[in-house]
Amino acid sequence: MKKLFASILTASVVTIASIQVQAAETIRFATEATYPPFEFVGKDNQLEGFDIDLANAICSELKAECTFSNQPFDSLIPSLKFRRFDAVISGMDITPDRLKQVDFSSPYYENSAIFVADKNDKLTSIDALKGKSVGVQNGSTHQQYVIDKLESKGVKVRPYDTFQNAFLDMTSGRVDAVFADTAVAKEWLAERGEGQYAQVGPEIKDANYFGIGYGIAVRKKDELKMKLDAALSTLKENGTYQKIYDKYFNKASAA
Amino acid sequence: MMPESLQEYLPQLLKGLQTTLELTFASLLTGLVLALLFTLILSLRFKPLEWLVRLQILLFTGTPLLIQIFLIYYGPTQFPILQETVFWPLLSEPWFCAMLALALNSAAYSTQLFKGAIDAVSAGEWEAALAVGMTRSQSLTRIILPHAFRRALPAYGNEMILVMKGTSLASTITLMDLMGYAARLNAQTYDTLTVFTLAGLIYLTLTGILTLIVRFIERKALAFSN
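First to last, the sequence lines map onto chains A and B. If you count by the numbering used here, then the first sequence holds residues 117 to 371, one letter each, in order. If you count by the numbering used here, then the second sequence holds residues 77 to 302, one letter each, in order.
Keep in mind the hints are simulated off the structure, nothing from the lab. Don't take every hint at face value.
To be verified - Which chain A residues stay away from chain B? Per the calculated CB distances, all over 10 Å, these:
| hint | residue |
| --- | --- |
| 1 | Glu164 |
| 2 | Glu177 |
| 3 | Gln259 |
| 4 | Thr298 |
| 5 | Lys343 |
What the hints assert, rightly or not - Think about it this way: if two alpha-carbon atoms lie no more than 25 Å apart in a straight line, the pair counts; the simulated DSS-like pairs of lysine-lysine are:
| hint | chain 1 | residue 1 | chain 2 | residue 2 |
| --- | --- | --- | --- | --- |
| 6 | B | Lys91 | A | Lys269 |
| 7 | A | Lys272 | B | Lys91 |
| 8 | A | Lys265 | A | Lys302 |
| 9 | A | Lys302 | A | Lys359 |
| 10 | A | Lys265 | B | Lys91 |
| 11 | A | Lys269 | A | Lys238 |
| 12 | A | Lys235 | A | Lys248 |
| 13 | A | Lys248 | B | Lys241 |
| 14 | A | Lys359 | A | Lys197 |
| 15 | A | Lys235 | A | Lys179 |
| 16 | B | Lys91 | A | Lys246 |
| 17 | A | Lys336 | A | Lys179 |
| 18 | A | Lys343 | A | Lys235 |
| 19 | A | Lys197 | A | Lys343 |
| 20 | A | Lys321 | A | Lys235 |
No experiment lies behind these values; they were computed from the predicted model shown. C-beta atoms are modelled at their ideal positions from N, C-alpha and C, and glycine is treated no differently.
Construct the entire structure; sequences and hints are all you get.
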């Protein structure tokens, strides 16, 4: 009996040790895959998008193995802090508020935000949104921006789990406008807008919300940040970044 | 838990309390009226309607409340024709959709509960009531229903608490109830543990108050049986 116990103990110690060796080579990424063209679930149920390709390129640069999990957006930073993942790549803006919670890689995508609304509503400026409802994603910088800047002016903020549901509710007339990333909103206008919806007002860049750009979030003081930054700058130098960028944002020139 | 963050979070969370309470009472009331109607239909064995009620119970006790809320909220948007009807102004409101889902859900469970309570009153009580010279309707209102009510009340108190807790799912369709504000606060501060602990404590307080109310009603309503 003692022998058996000892061998089980040895076996489990060996297993734990081997798991730890493996863990050193794996980067666990989390993302919220309802955000084309940055991350979405493709036809064969695989995660696809600019962020996913970029993360995979980073991993092959670092010779690390990457895993991805698909999580609700507002749970990404809490889960990262609770060590469920090592990094978040999910079209996430670098903001002063988020920097209090996590560290970010250097920005990898420059960003802005726009309002989108039905053309028939004849909303010409952001001031015209007074008394209207605006759909945003819960936990997004867009939600924070609308709460801080427009809620006091009588704009109703409606939080959605995903931007796609916010767009869906705009098409059925439940919200008057949606506030989202320029790239994501334009992709939606092109794919689903059917000429009926248009941008309202100018592109908004505000460094407190979405002016700095997207970054990959890691836990505070995690040395992974250095590795990610090094890999990102290599990818930008050797042209891999541009190739991925062209694949998603300059479709004509890539083809 | 820091006292400063408590001071900061509590007023925010309490902004959602009104919606939570309104939703709870409106769906309980609607659900109760429907459940009494359904119980009547089942007890009278009113044929085609009885099948509909059984189907309703099967569907609403057999599927998760979250799916019912999603279907009622997002379902009608798939049929543009519905958006032309008089129902659309109601169905386009997240508050109404959540209330309807909760009310139908509660009606299904409460009907089973009420029907079970009536069936559980023994035939001997009917016979005894008739034997002392009461009419059928007198027996029903004076003997059978009070006894059925007594059996149903504690279980219905649980149902009230379940509905109250169920309202937290309404935040998934953009309603800013207690849970909606908690989710928003969590997204703003990332102070997950504090925010949801606080929200949980408020729900716990509500449950406590509801339990006391039900106990009070039980004591008053069932005074005859002690």
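The hints, checked one at a time:
| no. | hint | in the structure |
| --- | --- | --- |
| 1 | Glu164 | holds (24 Å) |
| 2 | Glu177 | holds (30 Å) |
| 3 | Gln259 | violated (7 Å) |
| 4 | Thr298 | holds (21 Å) |
| 5 | Lys343 | holds (24 Å) |
| 6 | B:Lys91 x A:Lys269 | holds (18 Å) |
| 7 | A:Lys272 x B:Lys91 | holds (15 Å) |
| 8 | A:Lys265 x A:Lys302 | holds (23 Å) |
| 9 | A:Lys302 x A:Lys359 | holds (21 Å) |
| 10 | A:Lys265 x B:Lys91 | holds (19 Å) |
| 11 | A:Lys269 x A:Lys238 | holds (19 Å) |
| 12 | A:Lys235 x A:Lys248 | holds (14 Å) |
| 13 | A:Lys248 x B:Lys241 | violated (30 Å) |
| 14 | A:Lys359 x A:Lys197 | violated (32 Å) |
| 15 | A:Lys235 x A:Lys179 | violated (49 Å) |
| 16 | B:Lys91 x A:Lys246 | holds (21 Å) |
| 17 | A:Lys336 x A:Lys179 | holds (23 Å) |
| 18 | A:Lys343 x A:Lys235 | violated (46 Å) |
| 19 | A:Lys197 x A:Lys343 | holds (19 Å) |
| 20 | A:Lys321 x A:Lys235 | holds (23 Å) |
Of the numbered hints given earlier, the model fails hints 3, 13, 14, 15, 18; all others are met.
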